[in-house]
Each structure stands twice: as structure tokens, then as C-alpha cells.
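Each protein sequence line maps, in turn, to chains A, B and C.
Under the numbering used here, think of the first position of the first sequence as 1, with each following residue one higher.
Under the numbering used here, think of the first position of the second sequence as 1, with each following residue one higher.
Under the numbering used here, think of the first position of the third sequence as 1, with each following residue one higher.
It is worth saying that the hints were derived from the structure and are not from the lab.
Heads up, some of the hints might be wrong.
[What the hints assert, rightly or not] The calculated lysine-lysine pairs, modelled on DSS-like cross-linking and capped at a C-alpha distance of 25 Å, are: (1) C/Lys660 x C/Lys414; (2) C/Lys442 x A/Lys35; (3) A/Lys149 x C/Lys635; (4) C/Lys623 x C/Lys660; (5) C/Lys623 x C/Lys635; (6) C/Lys315 x C/Lys414.
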Amino acid sequence: MQTGRNSSDRNGTNAPSEYLTFTLGNEEYGIDILKVQEIRGYDPVTHIANAPEFIKGVINLRGVIVPIVDMRIKFKVGEPTYHEFTVVIIMNVLGRIIGMVVDGVSDVVALKAEQIKPAPEMGAALNTDYITGLGTVDDQMLILVDIEKLMSSEEMQVMDQSI
Amino acid sequence: MNGVTSQLPHLVEQLATLSACGINMEGMGDSKAHLAELTLAGINEFDASGCQLLVIFLKNLKQRGVMPRIMSIPDAIREKIQFLGFAREIGPYFETKQGYV
Amino acid sequence: MTQAQEIKPDIDLNQFNQVFFEECAEHLAEMEQILLALSNEEPDEEKLNAIFRAAHSIKGGAGIFGFQDMTVVTHVLESLLDRIRNHEIPFNAAMIDLFLEAGDVINMQLAGHRDDAGVNQDAVVRISRKLQQLIDSSDVRCERSDAVISVSSPSSDGSVPVLHRYELVFTPDPDIFRRGVRIEQLFRELQELGELSINAGLSSFPDLAGFDPETCTICWSFNLVSPASETVIRDIFEFVADEGQLKIRETSLAVANPDAETLGEATEESVEVSGKAASPALMGNRAYDRNELAPGAYGRRAGETESTLRVGVNKVDQLINQVGELVITQLMVSQSASALDPVQYENLHRSLQQLERTTRDLQQSVMSIRLVPISIVFSRFPRMVRELAAKLGKQVELKTVGDTTELDKGLIEKITDPLTHLVRNCLDHALEIPEERIAAGKERSGTITLRASQTGGRIVIDVIDDGAGLNRARILAKAAERGIPVSDAMSDEEVWQLIFSPGFSTADAVTDISGRGVGMDVVLRNVQSIGGRVQILSEPGQGTRVTISLPLTLAILDGLSVAVGDEKFIIPLNSIIESLQPAAGCLKTVNGKNVVHVRGDYIPIIPLHELFNLPARVTEADKGILVLIDVEGEKAAVLVDALLDEHQVVIKSIETNYRKVDGTAGATILGDGRVALILDVGSLLLMHKSG
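Go ahead and model the full structure; you've got the sequences and the hints to work with.
Next up, the structure:
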């Protein structure tokens, strides 16, 4: 199991992982496509009393109450405007459905393990703790986000910490 | 139960031996019929399954022309056989006289 | 021909034992039910018979299946019961506890066999000895050997028992040996009924080679002279003979007073399967078995009148969700259609009305699947109270009110532990021992009342005792000791709340019942976790009332939608007293807080926009609308921009994908598809009070 050959096989020298890429400000991010449920436009939300500003509120997604987080506000990038082109990524994270507002969704890319480099301490909007690595696609850097770790963190205030 | 089951191959073997060498057994008793003696000495447990097997064994012997006699039957076993209702099936083969052999 | 070596491997005995375990558990439950129903009264003959039967069936089954240890307690119990039944030993109330204890021990032994659970042998010995002492202490002249213990009941008129002669043919299942059935034990049981003769025959004579000795080909016939009824005989075979494997017929005239000769004849008679001609006149049931064959009678499984279907809770929840969706969709369609001309689209409107009705009915029906009566929880307590009271030397009467109040199954599961704790507290701390009660001019026996009711949109459960009440001074002292900030100026209500602090216990002695200091805080946490609240009312010397109020999480809520800025909220209709547009003169300020003067009451105003930090159109109370709410007796006025509409709404959890939101009891989806938060007026009031 622990031999180099096996682990590289398993981690996908031959089976690349797919990432949904999106922009936040000037940066390009990627999250595991398997966590993405759907992408939709921005519907009016119902505000939640005394929630932090970046938690826009909740929407009705086919009968399920789903919280909407605006990453632009949270990470102070881009312009938090809402119009017909505003994009919400609906994700399934740790058994919960959460919507995430970003500047735009770009693409779905496949990255092999060797294309992913460890993330150095850097000045990205996101704390390095939530970054699994850096990928390169067409000479552009892609920041890969551990969305589970991010969404369950205390600073996102989405989940009760007791859970 | 397991006791009985494990004894079965042994019994079958004995039955085969008994019926095959019926002629040789002539000298064993004074009767004209072939006579087989079964001893129940040393047996301390006997259940319905055992009774059933014994009855079938006895019948099989008779079918092969061997007349069985059951010897040295402990009182407890005799009572158990009666209690379980097998007095009529097994009782006639009991040999009660002491020193028969 | 098959070789001897190819004997079938041992089959799993557990499969057969399972039947016994289940039946045994059933018998035990029935026994307990009857015993508890007695509540210290002397059982009538029918009940005694039923208890006896249960004990007897367990003993018989245990013996037959080889669980000898279980026959020990059941045997003594059975003997004792038999003597009580025959009026050889007078019944007394203490016996009920003893019987209950015996039932527990048997249950423990059963669990030992079934689940490999540990068996406390000391308990077995102890209870056997106690039961035996009762037998021994009774009159010695009735001493009888085990073999003669009669299973028959005395005839109701007290005359000499009537003897019956039966012929039984028992053709057991070929698997009976493999099942590990102790046939000898079975026969011994029969022998205890009376004079028995047994004859075995083989239904076939297979060749020895290839015969599987564990396959039973034996057919037994019995001749039995006994006062017992056919039912009693059938009971012995309960675990062993399937339908058709046991044939019983009564063969000759009953003898009023058996003499040795008759009995002798009976034993000697040869028994053939054909038997003697039965006299039909004597067939039929005796007085003893009059009701016991009836479905639902004690000792019998209830009939199939109310058949049930076992369905996974997740399936029910899925159904509830889907119906909720349907209701919302229906609302959306109705709302869109309302813009259409009622004359031109008359048919459409009529159909939509029909659709609405049907959808509502469907929703109600589906919701009701999850509702269960609270008696499921309440029924645990009589036993517990009885035992604890005995242990503590107290006299307690337990009353339950509103047993049929229905609440969601999920709530039932979560409320059981907190309620158990509260009842224990009542017994252990609140209720006094009889001497103290009398000294205080109360009745010897204390009362604990469990009362459930549905008050509007909430389920309210009260645990009331008439004990000593909470001791204000002691609670304050204890709290101070624990470093909790207190002052003598605190209101009673605030003082009582202190007992919910973690690790708080005022009990002088730590008992094994409660008072370990992990109590009320856990109760509060559990109740709060299901959106409930706990309130305490206590009067020194009079007693204490703990009130738990729970939301009807799954019920459809009738609510009033209100607007604050761009947001809509739902206020549960049942908590609303009235709505009013206050005149400026009615608005006052008391201690810096805004209040409204309504019919002599000064009611605090809760400005929703402030509480929820919302931009509102109306910030002055005299320009908006005040919704007067009632929170368990306390009033408040919620300031909103406008009243919108009345709705029936489906409560949805926000916590499924988000966290708990203070001041809300969930959310719902309105006819336009948008989410509206449902206000929890109780927690609104708390938020307002805490600033």
C-alpha cells in the first residue's frame, strides 16, 4: 500500500481529479467538483436576524432551506453586487447544502496529482489552512480550496461548532 | 445428541458386522436364532433421540435375522426408556436375568 | 444410499430459540402489565390465573428449550401463585413488588440467554429465596410434592375438581431434536397434570445406514387423566407443537371423585391413535378457560383487529417533506390563478379549491403518522414510582392526565429522559416521608401528577408534586457556594432558574436515585435541544410544578404573516392575543423601556426591527402595529410594520443546513416561494429582556 508506485496510482497519475473553477476578485479558485450540486443565479434571499454580513440569508431550494454565503464580502474581494449574472454555487458539504456567491464560474478542469503543488504561505484572500494546493492551467494559477474545512470553520459561522 | 450422532457410523459398522457374520455367531448362544447381545452398561444418559436410534437398530437387526438381547441395562436408563414411552418397543428385548451370559 | 457421514450439519438453534425468547418476553410484559394494574388491590381469580399462566408458560418453555436456570425462579413463582390461587396463602400487596422483582430477574436471565448479557446470580438466588419463604411460611399442612402441584384452577363454586380423560397424539416436527427441545421436560410437565401414560411408536423404520438420528420419526400417544382443561394441556406444548402436530380429545366421562381403580384403569389402557369414541357432550371449555382464548385477553396475544405496518421513519419523513412541497406548490398555483377572472375561469377556480382541500387533508393524514400518544412515556412511570417510593419509604400516588395527547415521535424519544429525571427528583427530594407529611398537616401519601396537554401550538407537560417545595435559602446558599453570582433581591423565578446551573444539587445526601448533581442542567439542555422551555413554580410546603413546553415541530402551524421592512415573519397564531394600532397616549416609558398601556396593563414593546437589526419602515410604535403575544402568561407587544395574512405553514428546519437562529422556531416557505422565518415568541421575549 505504502509504496510510491501504488500511492501515485491511487492518487491519480492516471485518474485526474476534476475541479470547478471560479473567480473571486483577481484570483482563480478551484473546488472539488464532487462537492458541487448545482450552479444557479442569485434569487432574493430572506435575511437572517443578527447573522454576519457575508451570510446573505436563506433561500428556498426546492423545499429545502439553504443558507447563502457571499465569499466576496467574506474575503473582501470584488464588488458585492447582485444582478442577473451573479452566480451561486450550491454545494453539498459535510451533509449540508450551502450556497456560495462568487464573482463568476469559469470552467471545469482536470488536474493530475503531479500538476498540483503544495501551497506556500502567500497573500491570497483565503487563509493557507483552507488551501490544499496550487494548480496551473494555461499558465494561470489555480488555488485549490478545501471547501469542507472552510465551511465548517468557526470563522464562516455557517455550522454550529458543537456539531 | 451429539453423542448419538457420533456413535452412528460405529453402530452401522457393527450392524454390518453382525449381519454379515451371522453364521459365525451361532455358537454364541444356545438358541437356534442368531443372537446379538447389546450391553448398555456404562451408559448414563439416554434421550428420545437415543431411544429412536435403538429402536431402529433393533428392527434392523431383526430384519437381518438377528435376535437382539439388551444386557446390563442401568436402572436409570430403563426408567428413562419407560418414561419416554418406549417400553413397548424396547422392553421386550431387555434381558433381566442376572448372569445370563 | 446416503452415507452416514453425510449427516446434516447442526442447524442454528438460535433460530428456534428466538421464538421462545419473543414469547417469553411477551409473557413477562403481560405479567407486569397485570401486576401494575392491580395497584395494591387483591387480584381477582381471572387475573391470578393470567399471571399464573404467564409464569407457567415461561417455566415450561424454559425447561423444554433447556434453559434450566430460568425454570428455577419461575417454578417457585408458579408454586406460590398456585397457592394464592387456591387460597392457601393470603394475598398481600407486598407480593406485587416481589412478583415484579421476580419478573425482572427472569427478564435478566432471558437477556442472558438471548443477548449474552450478564446475569446476576445473587439476584436469582435472592428472589427465589424470598418467594420460597412465602411458600414455607404458609401453612404446612398443604405441603405437597412438586409432582402433584396442580395446574388446574379450583372450580369457581369450590366443589371437587372434575376429572377429564384425554387422549393426546403428538407427532412432533422432524426437527424437534435439532431444536434442542427437552422432550423429557415436556413429559414431566404433562405428568404434573395428573395420571399419565406414554407410548412411543415410530412412524417409519428406516434402514440404519443413512439414517439421521437427529430426525425425529417418533409419534407419541398419551393417556392423561387430569382436572386440567384442554387449554392447559395445549399450553404445555405451546413452544413445541405447531398446529396439527398435537391432537387432543376427551375420551370418557368425567369422574366427580376419582378412586384408585379408575385411575388404574386409565393408566393400563392401551392407547391407539384411533382411540375410544369420544363423547362430544363433554367436549368444550371449562369455566377456567372462559375468556382466555379470546383475542386480547390476558395471556393471549391480541387479535389481528388492528393490523399495523412497520415503516422506517425516514420514509415517513420523506413523505412529509414531499407533501409539504405539494402544499407549497398548490399555494403557488392558487396565488397565480387568483389573478384570473373568476367568471371566465370558474371551473379552474372550483378545481383549485378542491385541490386545496384534498392537499390539506393529505397533509393532516401524513403528519398524523408520526404522532404518538404521550402515554408511551407516561406508562413507564407507575413502575418506577412504585419501586422508588418503596425504596425511599415514601407513599406516593401517581396521577396522569392527558395520556392521549399526541406528539411527534422524535419528541417522545427526546422527552423521556428529562421526564424520568423530573419524576425521580419529585420522589427523592420533593416528597416528604409520611411522618413529615402528617406533621405538616398533609395526607400521608404524596401525589405526583403528570399532565400533558396541547395548548395552541405547543405541547405542555407538567410534572407536579405536593411536596415540600423548593427551598429558596438553600438554593441561594448553594449557588453562592458554587460561585454563582446571587443576591437576595432575586425573584423566586430567578432563584428557581439557578437549579439549572451545571453541577447544581441541593440534596443533602447523594442517593442512588438522584442528587448526583448532574440533573437539572441536563434536563434543561435536553428540552432546549428540541426547542422546548422549562419553567418552575414552587410554593414552600405546597409543592412544585415543573412545566415543559415543547413545540409541535412537525405540525402545521397557523400563523400570521407580518412585515418588517422587506422581510416577512410568521407569528404563531396561538400565541397572539390581539393586534392593535396604539394611540400615542397609550405609549409610555418605564425604566427607559417602552411599554404600551392596554386595559390597565403595561406591556413591554419589542421592536422587531431592533431585535433583528433590520431596516424598517416604521420605528415608532404609534405608526406601526403592535401584535400582543402571550408567553405562558407573560405578555409582550411586538412592533411590526404591517399585518399581512393568515397562513397555515409547514415548519422547516433552518438547522438542517445552517445553525440555530435566535428568536425563531424554524422557517417556512410562502406562497411566492420565498422563505419566511417563524418567530418563537418565548425566545423573543428572552432576547428582549437580556437587552
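Status of each hint after checking the structure:
Using a Cα cut-off of 25 Å, the hinted pair C/Lys660 and C/Lys414 holds, with the two alpha carbons roughly 18 Å apart. Between C/Lys442 and A/Lys35 the alpha-carbon distance is near 67 Å, which puts this suggested pair outside the 25 Å criterion. A distance of roughly 44 Å separates the Cα atoms of A/Lys149 and C/Lys635; the hinted pair therefore is violated under the 25 Å criterion. Between the alpha carbons of C/Lys623 and C/Lys660 the distance comes to roughly 32 Å, so the proposed pair goes past 25 Å and is violated.
Restraint check: the Cα-Cα separation between C/Lys623 and C/Lys635 comes to about 21 Å, which is no more than 25 Å; the hinted pair holds. A threshold of 25 Å between alpha carbons decides the hint, and for C/Lys315 with C/Lys414 the separation of about 20 Å falls inside it, so the pair holds.
Of the numbered hints stated above, those contradicted by the structure are hints 2, 3 and 4, listed in ascending order.
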